[in-house]
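Asks: Residues per chain are reported as follows:
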Amino acid sequence: MGGAAGRASRLAGRGDGSVIGGIIGLRLKPDLLSLLARGRQVVLVTGTNGKTTTTRLITAALGTLGQQIASNAFGANMEAGLVAALARAPDATMAVLEVDEKYMPAMLRATGARVVTLLNLSRDQMDRAAEIWLLARRWRAALADADCWVIANADDPLVAWAAGQARKVTWVAAGQRWHDDSWCCPNCGSHLRRDGDDWHCGECPNRRPPVSWVLAGDEVIDPTGRSRPLNLILPGRANRSNAVVAFAVAEVFGVGVAQAADAVRQVRSVAGRYTQVRRRGCDLRLLLAKNPAGWLEALDVLVPPPVPVMLAVNAQVPDGKDTSWLWDVDYRRLRGRPVFVTGERGTDLAVRLEADEVSFRVVGGVDEAVDLAHSTSMDVIANYTAFQQIRALLGRTA
Amino acid sequence: MDAAFGHGYRSGGPSAIRLVWIYPDLLSTYGDRGNLLVLARRARLRGIPVEIAEVNSDQRVPARADIYLMGGGEDLPQILAARRLRADGGLAAAAGRGAVVFAVCAGYQIVGTEFGGVEGEPVPGLGLMDIRSGRGERRGVGEITAEVDPALGVERLTGFENHQGVTRRGPGVKPLATVLAGVGNGDGTEGAHSGRVVGTYLHGPALVRNPSLADLLLGWVAGTLPPIDPGREELVATLRRERLAAQVSTA
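Sequence lines, in order, name chains A and B. Just so you know, the working numbering puts 217 at position 217 of the first sequence, and the rest follows in order with no gaps. Just so you know, the working numbering puts 112 at position 112 of the second sequence, and the rest follows in order with no gaps.
None of these hints come from the bench; they were simulated from the model. Misleading hints may appear alongside valid ones.
[To be verified] List time: in silico DMTMM-like cross-link candidates among lysine to aspartate or glutamate, alpha-carbon distance up to 25 Å: (1) Lys-321/A <-> Glu-242/B; (2) Lys-168/A <-> Asp-198/A; (3) Lys-174/B <-> Glu-155/B; (4) Lys-102/A <-> Asp-229/B; (5) Lys-168/A <-> Asp-197/A; (6) Lys-321/A <-> Glu-147/B; (7) Lys-174/B <-> Asp-187/B; (8) Lys-174/B <-> Glu-147/B; (9) Lys-321/A <-> Asp-283/A; (10) Lys-102/A <-> Asp-31/A; (11) Lys-168/A <-> Asp-100/A; (12) Lys-321/A <-> Glu-54/B; (13) Lys-168/A <-> Asp-91/A; (14) Lys-321/A <-> Asp-75/B; (15) Lys-174/B <-> Glu-119/B; (16) Lys-102/A <-> Glu-131/A; (17) Lys-168/A <-> Asp-147/A; (18) Lys-174/B <-> Glu-114/B; (19) Lys-102/A <-> Asp-75/B; (20) Lys-102/A <-> Asp-222/A; (21) Lys-168/A <-> Glu-251/A; (22) Lys-321/A <-> Glu-114/B; (23) Lys-321/A <-> Glu-137/B; (24) Lys-321/A <-> Asp-91/A; (25) Lys-102/A <-> Glu-143/B; (26) Lys-168/A <-> Asp-145/A; (27) Lys-102/A <-> Asp-145/A; (28) Lys-174/B <-> Asp-130/B; (29) Lys-102/A <-> Glu-242/B; (30) Lys-321/A <-> Glu-234/B; (31) Lys-321/A <-> Glu-344/A; (32) Lys-102/A <-> Asp-147/A; (33) Lys-29/A <-> Asp-91/A.
[Said to hold, decoys possible] The calculated label-pair distances, taken between Cβ atoms and stated as ranges, are: (34) Ala-258/A <-> Thr-238/B: 43 to 51 Å; (35) Glu-219/A <-> Gly-127/B: 51 to 59 Å; (36) Pro-230/B <-> Gln-276/A: 52 to 60 Å; (37) Pro-171/B <-> Gly-336/A: 50 to 58 Å; (38) Arg-167/A <-> Gly-195/B: 23 to 31 Å; (39) Pro-306/A <-> Arg-232/B: 37 to 45 Å; (40) Ile-233/A <-> Ala-93/B: 51 to 59 Å.
Please read these numbers as outputs of a predicted model, since none were measured by experiment. The beta carbon of each residue, even a glycine, is placed where N, CA and C say it ideally should be.
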């Protein structure tokens, strides 16, 4: 029955069909997730940005072990999505599951995960998530009590603090592009001091922990100090950082960095992100950006001008109903190229671009932008539900 | 260390409006930069030059600017910001000589006499306005619409709020507006104003959808403002209409 509902959801173009089966299952058996996770080696992946991609990269790296792996590869990251992923793969001995940052503590308890991966914490859909420091506090309490191995980004002070009482931690210098949510020491509230990548509190002993893995430009430095080029197909610094985190996870399971890197390099698109789709003679590349940190990363990987860009913004519940975050993104670097604006909150975005003196045209959707652009290629950046709408329009091949 | 204005303190000339954004490192949670950008844009569209200083919490607050902006923040940054601003004294001195202060959310609470800390304990504010804030029963999250005090001549407010604050006013402090939909101060009113200090729970880029409130602040500094070319106002007017209509349809 759950399977039929999933197919219906896919056909209706509203989801990836991952969740409905899980919802039905949980209604019948509330402890279904614990039952399904029993006897499997579970890796949880959480953070504000990069969950879906990192989950995909870890799955690729662990795939070299030749075992079947369960994964919620399409980003359904609340309890029902985890249930659906495990139920779909009853014979998988391993599971790599991304988890919404709010639910990580509960999902850790339910799955008894062996590894918990913490990527970053920044402002995101705060109409639902409340304050990120409270989230970090809940992570810290959950991890202090758990018998798991934590892989954590030492460059994000909130993440480092959240992992600070865990029994076993591998620290990764995965970088932090967005600093604006971590100027205060999460431990004592004083001002954090930063010196390049290093950070420490001026008042209490809280400081960046010593790291085992480092992302250095286009290279990864492993715990033995050996560096090697990453050569990813996926674009951008954020994905290089996700790859290094994936290597650290793979190491826990005995997969060496050379082997993991070969597998991770093959990944070219993740749940539709970074995919090229041809539409009316134009090669569209789809980028997902859900919050200011994500937009920063997406603007970083744009093809240079004069290639046009379409931006799409909605504010449905999964996006966050509040569009204030638009004012945290610096759009000035879009000046001097064709920009198209669309989405249910296209007017909010248009007002934002106007204030940054970026020229743009408001369009009804992808096709109108393609027709007006007269270009052989275009980058599309969309937030969550806007992205799903575009993928539905372009077909799930994307 | 004094925070420097753009290129030299008075590079915009003697008639320039000097804007100070206080502590973007601590008090900037929901696109608070929007208020700075809107004020600067609406001044420049009228040919009024603007000088901008973004003052981080390890810098001195310049005492001689025209408009001071303060944004939102979580508990720890809010407490740290209040402590630093009290020690610095620059903002209180500026407000004392009649400078304009526009404070949003956590900033709104900071300009008051006291607000609630991490465990609800009272934390002293700057006392620029006789208001006291504490923590309410539940979080107010969503669109808010409010009718502004007619004495101010400002159009109906539209914005977004996300806070658990409850604010009570002392004598001599008037509410900024009366809530039509939303939570605001918790007693049916929204925000507060006293002299040239204005505070609101409309968070982040509150002035974006409320250009006439932005003009009230600019007018306090520059006097009567010339109108803006209507073509430059169209998008914002559309945004206001869209948001007010959406609020009516869900109310």
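Asks: Now tell me if each hint is right for this structure.
Replies: Consistency of the hints with the structure:
1. The suggested pairing of Lys-321/A with Glu-242/B holds, with an alpha-carbon distance near 14 Å, which does not exceed 25 Å.
2. Among the hinted pairs, Lys-168/A with Asp-198/A is consistent with the structure: their alpha-carbon atoms are about 22 Å apart, no more than 25 Å.
3. This hinted pair checks out: Lys-174/B and Glu-155/B have alpha carbons roughly 17 Å apart, not beyond 25 Å.
4. Restraint check for Lys-102/A and Asp-229/B: the C-alpha separation of about 46 Å exceeds 25 Å, so the hint is violated.
5. With a C-alpha separation of about 23 Å, the suggested pair Lys-168/A and Asp-197/A falls inside the 25 Å cut-off, and the hint holds.
6. Using a Cα cut-off of 25 Å, the hinted pair Lys-321/A and Glu-147/B holds, with the two alpha carbons roughly 22 Å apart.
7. Under the criterion of a C-alpha separation no larger than 25 Å, the hint pairing Lys-174/B with Asp-187/B is consistent with the structure, at around 13 Å.
8. Proximity of Lys-174/B to Glu-147/B is assessed by CA-CA distance (about 13 Å); at most 25 Å being required, the pair is judged to hold.
9. Proposed proximity of Lys-321/A and Asp-283/A is contradicted: the alpha carbons are some 31 Å apart, above 25 Å.
10. A distance of roughly 19 Å separates the Cα atoms of Lys-102/A and Asp-31/A; the hinted pair therefore holds under the 25 Å criterion.
11. At roughly 22 Å between alpha-carbon atoms, Lys-168/A and Asp-100/A fall within 25 Å of each other, so this suggested pair holds.
12. Between Lys-321/A and Glu-54/B the CA atoms are separated by roughly 28 Å; this puts the pair beyond 25 Å, and the hint is violated.
13. The hinted pair formed by Lys-168/A and Asp-91/A fails the criterion: a straight-line CA distance of about 29 Å is larger than 25 Å.
14. Taking the CA atoms of Lys-321/A and Asp-75/B, the gap is near 22 Å; set against the 25 Å cutoff, the hint holds.
15. Between Lys-174/B and Glu-119/B the CA atoms are separated by roughly 28 Å; this puts the pair beyond 25 Å, and the hint is violated.
16. Restraint check for Lys-102/A and Glu-131/A: the C-alpha separation of about 11 Å stays at or below 25 Å, so the hint holds.
17. Distance check on the hinted pair: Lys-168/A and Asp-147/A sit about 9 Å apart at the alpha-carbon level, within 25 Å; holds.
18. Simply put, Lys-174/B and Glu-114/B have alpha-carbon atoms about 17 Å apart, close enough for the 25 Å limit, and the pair holds.
19. Distance check on the hinted pair: Lys-102/A and Asp-75/B sit about 19 Å apart at the alpha-carbon level, within 25 Å; holds.
20. A distance of roughly 31 Å separates the Cα atoms of Lys-102/A and Asp-222/A; the hinted pair therefore is violated under the 25 Å criterion.
21. A hinted pair counts as satisfied when its Cα atoms are at most 25 Å apart, and Lys-168/A with Glu-251/A qualifies at roughly 14 Å.
22. Between the alpha carbons of Lys-321/A and Glu-114/B the distance comes to roughly 30 Å, so the proposed pair goes past 25 Å and is violated.
23. Taking the CA atoms of Lys-321/A and Glu-137/B, the gap is near 22 Å; set against the 25 Å cutoff, the hint holds.
24. With a CA separation close to 40 Å, the supplied pair Lys-321/A and Asp-91/A exceeds the 25 Å bound.
25. As the CA atoms of Lys-102/A and Glu-143/B are separated by approximately 23 Å, the hinted pair is consistent with the 25 Å bound.
26. The straight-line distance between the Cα atoms of Lys-168/A and Asp-145/A is roughly 12 Å, inside the 25 Å bound, and the hint therefore holds.
27. For the suggested pair Lys-102/A and Asp-145/A, the alpha carbons sit about 17 Å apart, so the restraint of at most 25 Å is met.
28. The suggested pairing of Lys-174/B with Asp-130/B holds, with an alpha-carbon distance near 10 Å, which does not exceed 25 Å.
29. Taking the CA atoms of Lys-102/A and Glu-242/B, the gap is near 31 Å; set against the 25 Å cutoff, the hint is violated.
30. With a CA separation close to 23 Å, the supplied pair Lys-321/A and Glu-234/B stays within the 25 Å bound.
31. At roughly 11 Å between alpha-carbon atoms, Lys-321/A and Glu-344/A fall within 25 Å of each other, so this suggested pair holds.
32. As the CA atoms of Lys-102/A and Asp-147/A are separated by approximately 20 Å, the hinted pair is consistent with the 25 Å bound.
33. With a C-alpha separation of about 20 Å, the suggested pair Lys-29/A and Asp-91/A falls inside the 25 Å cut-off, and the hint holds.
34. At about 56 Å, the CB distance of Ala-258/A to Thr-238/B disagrees with the hint of 43 to 51 Å.
35. In this structure the supplied range 51 to 59 Å holds for Glu-219/A paired with Gly-127/B, their Cβ-Cβ distance being about 54 Å.
36. Taking the beta carbon of each, Pro-230/B and Gln-276/A are about 43 Å apart, not inside 52 to 60 Å as hinted.
37. In this structure, Pro-171/B and Gly-336/A meet the distance hint of 50 to 58 Å, their C-beta atoms being roughly 55 Å apart.
38. Distance hint check: the CB atoms of Arg-167/A and Gly-195/B are about 56 Å apart, inconsistent with the given range 23 to 31 Å.
39. Separation of Pro-306/A from Arg-232/B is about 26 Å and departs from the stated range, judged on CB atoms against 37 to 45 Å.
40. Checked against the hint of 51 to 59 Å, the pair Ile-233/A and Ala-93/B passes, with Cβ atoms roughly 57 Å apart.
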